[in-house]
Amino acid sequence: MKAYRAIVSARFRMMLQYRAAAAAGLGTQLFWGFIRIMIFTAFYRFAKAPQPMTLEQVVSYVWLGQAMFAMLPWSVEPDLRVMIRSGNVAYELLRPVDLYWLWFSRSVARRSAPTLLRAVPMFIIAGLFFGLRAPQSVGVAAAWLAAMAGAFVLSCAISTILSISLLWTVSGEGVMVLMSGAAWLLSGMIIPLPLFPDWAQGILAFLPFRGVADAPYRVYMGNIPLNEVWVVLAHQLAWIAAFVVVGRALVGRGLRRLAVQGG
Amino acid sequence: MLDDVRLYFKYISVSVRSQMQYRASFVMQSVGQLLITGIDFLGIWALFDRFGGLEGWTLTEVALLYGMVSVAFTFADAMSAGFDLFSATVRNGDFDRMLVRPRSTVLQVIGQELTMRRVGRLAQGTAVLVWAAWAIEAPWSAPKALLLAAAIAGGTSIFVGLFILQGTMCFWTTESLEIMNTLTYGGRESISYPLSIFRPWFRRFFIFVVPLAAVNYFPALAILEHEDPLGTPVVVQWSSPLVGFAFLLVALQVWKIGVRHYRSTGS
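Sequence lines, in order, name chains A and B. Take any residue in the first sequence, count from 1 to its spot, add 6: that is its number in this note's numbering. Take any residue in the second sequence, count from 1 to its spot, add 550: that is its number in this note's numbering.
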């Protein structure tokens with residue numbers, strides 16, 4: 007356990023070095039948030055039927071997405087890609103720790119620091135000036151934090167599986183493009199999931215992606231009531247368990263056939 | 551001039567041949583781009599499915615806006631890889647070599663690469679555009695087809711201009727700035743929707759500062775024979791694509807100023 011903690015904390019501190027990038031990213035994210043919100047506002051202005059979410063909720067949803075954006079499983083570890091292509095992955099195999107949890111820790115570290123750096127200023131700016139509402143009660147806030155923790159672990163588990171897939175595909179280009187697209191659309195980053203057609207809601211609720219963004223955001227704004235939060239958490243936990251089990255099995259099989267590329 | 555064109559095609563054929571060495575990777579990346587941009591349009595479709603319309607605009611009309619900007623952006627993006635990655639050229643001193651060759655620097659930078667895998671995105675944009683052109687109610691005519699072509703050419707010019715400006719900034723900053731992505735990608739995203747839905751400050755930005763509206767929204771109004779809540783005269787709608795070419799000329803002038811300002815990093 008100590009070894010994994012050391013890996014996380016060392017990489018966390020490394021990621022904290024990129025403060026200028028975080029500042030530039032914040033500006034970009036604000037601009038994107040504005041564009042999305044203006045588009046949704048226009049759609050709502052002429053909406054005839056009542057919608058599954060109010061416009062205020064959609065605005066909060068967009069800002070939460072912009073704040074938590076760095077957490078989503080939309081890429082494989084760039085370091086690992088380089089390692090597998092260059093053959094340095096052999097060093098990873100030499101370390102006296104379990105490879106799955108080693109890569110999982112890398113994923114945790116890569117997500118935590120940038121998420122903090124982007125989320126905190128985004129919450130302050132969007133909360134003060136641009137209509138991000140605070141949670142209605144302390145209970146809702148606590149439920150949201152729990153769902154957010156679940157989302158974080160789920161996101162890391164998905165991205166670890168993507169990293170493991172590199173053992174087969176090496177370049178990872180194709181997997182990455184497809185996964186980032188799927189994660190983007192199905193987690194609610196393009197449009198909030200409740201606004202998708204009604205017939206799609208069942209599939210969306212089943213798939214793992216809503217657990218990384220849509221579900222915790224809707225807990226935050228009370229769109230998912232407190233007495234249904236356990237469904238969100240159970241959904242996240244079930245998928246986390248599935249991804250970990252499959253991931254560990256894949257690591258075993260992948261290592262048996264891994265040919266290290268040169269020296 | 552003719553000589554420059556011939557040289558450009560020579561550059562490009564080298565670039566294309568080198569990319570075709572990795573055929574499997576090319577196919578996979580193209581298909582990937584096709585799917586991922588398809589997802590993009592799925593979002594617009596879902597919103598129309600849910601809300602039924604957007605301030606008097608139908609899905610097919612918005613699809614025309616989307617297709618126009620998507621095709622223009624893709625052309626520009628494929629051509630401008632040299633400018634997009636210009637910070638590397640400055641950092642490792644390759645630009646010094648370009649300066650000593652007896653050809654224009656713009657030609658050399660733009661000749662570095664024609665990104666073939668964009669063909670996937672081009673296919674998606676073209677498909678949406680063709681579908682929209684077929685499905686809109688307003689009748690087509692030869693002048694309208696010409697206007698559409700001019701608007702796409704003008705749009706390509708603006709995006710190329712933006713990439714050139716992004717490269718030009720490297721003369722001062724060495725690093726490429728993320729902020730320019732806001733204009734290129736953010737511009738493409740927002741201009742796929744009718745300009746009239748945005749707030750006034752935002753509209754003015756895309757009319758007067760980065761005139762993307764002039765190569766998309768205004769000509770589209772003329773093609774669709776759509777009433778403009780902003781009240782632009784028909785003359786403006788038909789002539790606005792020219793603004794795109796003007797923007798490119800300005801960007802080229804700024805580039806020249808940048809080149810004069812250039813100081814090698816010494817590496």
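Please note that the accuracy of each hint is not assured.
Said to hold, decoys possible - In silico SDA-like pairs for lysine to any residue, Cα to Cα no more than 20 angstroms straight-line:
#1 A:54 to B:606
#2 B:806 to B:645
#3 A:54 to B:601
#4 A:54 to B:605
#5 A:54 to B:599
#6 A:54 to B:602
#7 A:54 to B:685
#8 A:54 to B:600
#9 A:54 to B:637
#10 B:560 to B:637
#11 A:54 to B:609
#12 A:54 to B:560
#13 A:54 to B:595
#14 A:54 to B:799
#15 B:806 to B:637
#16 A:54 to B:747
#17 B:560 to B:658
What the hints contain is simulated information worked out from the structure, not anything from laboratory work.
Hint-by-hint comparison with the structure:
Among the hinted pairs, residue 54 of chain A with residue 606 of chain B is consistent with the structure: their alpha-carbon atoms are about 13 angstroms apart, no more than 20 angstroms. Using a Cα cut-off of 20 angstroms, the hinted pair residue 806 of chain B and residue 645 of chain B holds, with the two alpha carbons roughly 14 angstroms apart. Note on residue 54 of chain A and residue 601 of chain B: the hinted pairing holds, with a Cα-Cα distance of about 7 angstroms set against a maximum of 20 angstroms. Of the supplied pair hints, the one linking residue 54 of chain A and residue 605 of chain B holds, its CA atoms being roughly 11 angstroms apart against a limit of 20 angstroms.
Restraint check: the Cα-Cα separation between residue 54 of chain A and residue 599 of chain B comes to about 13 angstroms, which is no more than 20 angstroms; the hinted pair holds. For the suggested pair residue 54 of chain A and residue 602 of chain B, the alpha carbons sit about 8 angstroms apart, so the restraint of at most 20 angstroms is met. About 24 angstroms separates the Cα atoms of residue 54 of chain A and residue 685 of chain B, which puts this hinted pair outside 20 angstroms; it is violated. For the hint pairing residue 54 of chain A with residue 600 of chain B, the CA-to-CA distance comes to about 10 angstroms; that is within 20 angstroms, so the pair holds.
A hinted pair counts as satisfied when its Cα atoms are at most 20 angstroms apart, and residue 54 of chain A with residue 637 of chain B does not qualify at roughly 50 angstroms. Note on residue 560 of chain B and residue 637 of chain B: the hinted pairing is violated, with a Cα-Cα distance of about 24 angstroms set against a maximum of 20 angstroms. Proximity of residue 54 of chain A to residue 609 of chain B is assessed by CA-CA distance (about 16 angstroms); at most 20 angstroms being required, the pair is judged to hold. With a C-alpha separation of about 57 angstroms, the suggested pairing of residue 54 of chain A with residue 560 of chain B is violated against the 20 angstroms cut-off.
With a C-alpha separation of about 17 angstroms, the suggested pairing of residue 54 of chain A with residue 595 of chain B holds against the 20 angstroms cut-off. Distance restraint check for residue 54 of chain A and residue 799 of chain B: the Cα-Cα separation of roughly 46 angstroms exceeds the 20 angstroms cut-off, and the hinted pair is therefore not satisfied. Our distance criterion of 20 angstroms between C-alpha atoms is met by residue 806 of chain B and residue 637 of chain B, whose separation comes to about 17 angstroms. In summary, the hint linking residue 54 of chain A to residue 747 of chain B is supported, as the alpha carbons are separated by about 17 angstroms, within the 20 angstroms threshold.
A hinted pair counts as satisfied when its Cα atoms are at most 20 angstroms apart, and residue 560 of chain B with residue 658 of chain B qualifies at roughly 11 angstroms.
Figure legend: structure checked against the earlier numbered hints; hints not met, in rising order: 7, 9, 10, 12, 14.
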